[in-house]
Amino acid sequence: MSQPIIDSRSISKNYGSFRALTDISLTIRKGEFIALVGPSGCGKTSFLKILAGFEQASSGELFIEDREMSDVPAAARPTRMVFQKLALFPHKTVEENISFPLRIAKVPAAERAERVRGMMDLMHLRHEYLTHYPAQLSGGEQQRVALARALVSRPGVLLLDEPMSALDAKLKKSLQAELKKLHRELGTSFVLVTHDLEEAMMLADRICVMVGGRIVQLGVPLDIYRRPANRFVAGFIGETNFLPVSVASTADGLSVRPLRGDQTAALLGADRVSPEAHGDAGLLLIRPEDGEILSGAPSPGMWTIAGTVDEKFTKGSSTQYRIRTEALDVPFVLESSGFDTAHIPVGAPVSVGFHPAKSYLLGDRP
Amino acid sequence: MRVLDRSWQDRGVLLNSLPLLTLLTLFFIGPILLTLLLTFQEMRSYQLQWVWSLRVWSEVFSKYSYWVVIGRTVSMAFLSTFLCILIAYPAAYALATRLKNYASHIQILIIFSFLTDAVLKTFGWVLVLDRNGIGNWLLQHLGLGDEALNFLFTPRATLLGVVYNLSVYPLFTIYLSLKRIDRDLILAAYDAGASKWQTFREVTLPLSRPGLYAGAVLVFVLTLGTFLESKVLGGGKSPLAPELIRQTFETRVNWPLGAALTVVLVAIATIVLAVAVRLVQRTRQEQAAKGAEA
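These protein sequences, in sequence, are chains G and S.
Those letters in the first sequence? Residues 344 to 709, per my numbering, in order.
Those letters in the second sequence? Residues 15 to 308, per my numbering, in order.
Take these hints with a grain of salt, some might be off.
Stated by the list, open to error - Sample of chain G residues with no beta-carbon within 12 Å of chain S, all distances over it, derived:
{"no.": "1", "residue": "R492"}
{"no.": "2", "residue": "V495"}
{"no.": "3", "residue": "D504"}
{"no.": "4", "residue": "P692"}
What the hints assert, rightly or not - The list that follows gives simulated cross-link-like pairs (lysine-lysine, DSS-like), each with its CA atoms no further than 25 Å apart:
{"no.": "5", "chain 1": "G", "residue 1": "K523", "chain 2": "G", "residue 2": "K513"}
{"no.": "6", "chain 1": "S", "residue 1": "K193", "chain 2": "G", "residue 2": "K435"}
{"no.": "7", "chain 1": "S", "residue 1": "K193", "chain 2": "S", "residue 2": "K77"}
{"no.": "8", "chain 1": "G", "residue 1": "K373", "chain 2": "G", "residue 2": "K513"}
{"no.": "9", "chain 1": "G", "residue 1": "K392", "chain 2": "G", "residue 2": "K523"}
{"no.": "10", "chain 1": "S", "residue 1": "K193", "chain 2": "G", "residue 2": "K428"}
{"no.": "11", "chain 1": "S", "residue 1": "K193", "chain 2": "G", "residue 2": "K392"}
{"no.": "12", "chain 1": "G", "residue 1": "K435", "chain 2": "G", "residue 2": "K449"}
{"no.": "13", "chain 1": "S", "residue 1": "K193", "chain 2": "G", "residue 2": "K449"}
{"no.": "14", "chain 1": "G", "residue 1": "K435", "chain 2": "S", "residue 2": "K251"}
{"no.": "15", "chain 1": "G", "residue 1": "K428", "chain 2": "S", "residue 2": "K210"}
{"no.": "16", "chain 1": "G", "residue 1": "K428", "chain 2": "G", "residue 2": "K392"}
{"no.": "17", "chain 1": "G", "residue 1": "K392", "chain 2": "G", "residue 2": "K515"}
{"no.": "18", "chain 1": "G", "residue 1": "K428", "chain 2": "G", "residue 2": "K523"}
{"no.": "19", "chain 1": "G", "residue 1": "K658", "chain 2": "G", "residue 2": "K516"}
{"no.": "20", "chain 1": "G", "residue 1": "K515", "chain 2": "G", "residue 2": "K658"}
{"no.": "21", "chain 1": "G", "residue 1": "K428", "chain 2": "S", "residue 2": "K114"}
{"no.": "22", "chain 1": "S", "residue 1": "K114", "chain 2": "G", "residue 2": "K392"}
{"no.": "23", "chain 1": "S", "residue 1": "K210", "chain 2": "G", "residue 2": "K392"}
It is worth saying that the hints were derived from the structure and are not from the lab.
Since the structure is predicted, the reported quantities are computational estimates derived from the model, not experimental observations.
Each residue gets a CB set at the ideal place from its N, CA and C atoms; glycine is no exception.
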């Protein structure tokens with residue numbers, strides 16, 4: 344687990360005068376599931392193509408399994424790619440598709456047949472599909488065949504280029520679960536490119552958030568969620584409340600106080616402050632589930648905001664409230680799993696409470 | 015497929031295809047039937063006699079010399095098809111890959127030369143191939159021997175002219191087929207460890223087959239009907255079937271015989287076409303994926 348399989352050292356990529364990647368340094372460990380996440384055009388797919396060998400880096404070094412890759416063509420790399428549009432060979436049967444890498448590697452026919460059938464079982468594909476053409480299969484089945492073709496030669500690294508973006512939500516969920524299971528069973532390193540941070544959080548061991556061709560944050564999913572590098576990353580997943588605060592340094596740490604309203608100042612621990620937060624103003628990041636609608640007195644250290652319920656969505660396991668407050672220009676989003684608050688109607692005045700010491704301070708620049 | 019099953023009972027389908035059907039009957043099926051009819055008649059002292067006999071057919075099948083000409087024509091067609099594909103495929107491949115950025119400019123140039131009258135271009139070759147022509151002059155100045163080009167007015171010159179005039183057809187059909195291949199399929203083959211040659215053989219070539227077959231059929235059928243090149247460049251010493259048919263009609267004034275030879279030629283073309291359609295259909299079925307995937 345600790346051994347690196349991919350080591351990217353300040354890789355940059357230019358397309359003419361356009362700089363697609365800037366100084367990407369990233370180490371991926373053996374057996375790790377890493378997700379490259381970012382909005383479209385952030386360079387995540389370019390980086391994946393460089394890993395696969397379809398594109399060459401303009402500068403920087405890439406090591407895969409301790410070998411320098413600049414002179415190694417895609418065909419000779421220990422990586423296999425699952426393409427966004429799958430790229431199954433339309434003129435070959437499922438069996439021919441899956442066994443293609445083995446045939447190229449001159450694996451004997453008997454072993455080939457055995458391994459193809461093994462992959463079919465692993466992917467829960469019925470053996471009668473072996474003689475079918477890809478067009479005769481459903482989207483989810485084609486997906487599995489593509490995965491089988493990529494994994495049949497037991498690659499060190501599996502590269503996945505948004506392979507699930509074209510599937511409907513339900514199929515996506517079940518394939519995501521299978522992908523995670525597959526990763527655990529095979530011990531292959533997975534590199535997943537996706538624009539869906541939620542998908543990345545579900546699947547990956549570590550997430551690499553990219554914006555504008557640079558790595559903005561690299562960390563475990565919970566870190567990305569709880570301690571995002573900046574406002575953009577914070578807003579990239581789920582819904583988030585940003586409370587403008589004034590910041591003052593004290594002997595005990597940073598002390599924050601909301602810009603509007605009269606709350607007592609709260610002290611933030613060093614782990615609650617983003618490295619990029621400085622100056623005397625900032626934004627306090629409060630996730631929807633961190634707030635609660637108070638029915639009694641606030642607990643010690645809590646900040647309270649008064650407001651009225653603007654909108655209410657019942658989600659089954661929880662209820663989401665959008666509360667218009669004086670302290671914020673946009674409604675405060677609050678998610679409550681308690682049944683006792685479920686009866687609060689739209690338009691009702693409420694008091695929202697949260698612990699500032701448990702939130703996270705970001706710089707006030709976007 | 016369901017449409018095919020019930021097409022003859024569906025009035026709508028029949029009605030819709032009526033204009034096409036009329037056109038085909040009037041200008042294609044009708045003339046062919048008339049030609050076929052003509053083969054069962056006889057010529058007596060330059061007069062067409064409406065008698066029903068198999069004399070012409072027995073002459074066609076008994077005279078060896080006709081079959082030499084037909085055989086020569088068919089082998090010429092196979093040879094020119096082979097050479098045209100050999101020239102057109104790499105050119106189309108380059109146009110679809112390496113020269114992608116200049117493709118539209120090159121296409122315009124090709125279309126210009128294609129639209130230039132074939133008679134002009136074919137006579138142009140006489141100037142090149144002539145004993146004292148440009149070709150020999152150039153080769154002589156390059157020190158490649160005197161009169162190295164000495165095959166004007168031989169079947170080889172005919173072949174050259176045919177290949178020159180026809181290779182543009184497969185160039186475009188193959189180019190269109192290659193253009194349709196998803197670039198990711200090529201990358202997927204590389205990714206799976208395939209070399210450039212393996213990728214070509216396993217992915218590019220099979221997926222470009224429809225264009226390949228279409229181009230080959232065009233060249234084959236057009237060569238069977240070639241007339242101009244053999245007349246201008248071939249010198250008339252070893253005529254091809256169309257020239258033989260022309261002579262039979264015009265010089266010998268034997269219409270039934272000419273018609274019979276025409277029918278033989280059309281039959282050969284039809285058989286080749288049928289085989290090609292079969293091959294294309296098979297690849298189509300395999301490739302139905304393209305549409306379903308997108």
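_For a quick check of understanding: which of the numbered hints are violated here, in increasing order?_
Of the numbered hints, 1, 2, 3, 7, 8, 13 and 14 do not hold.
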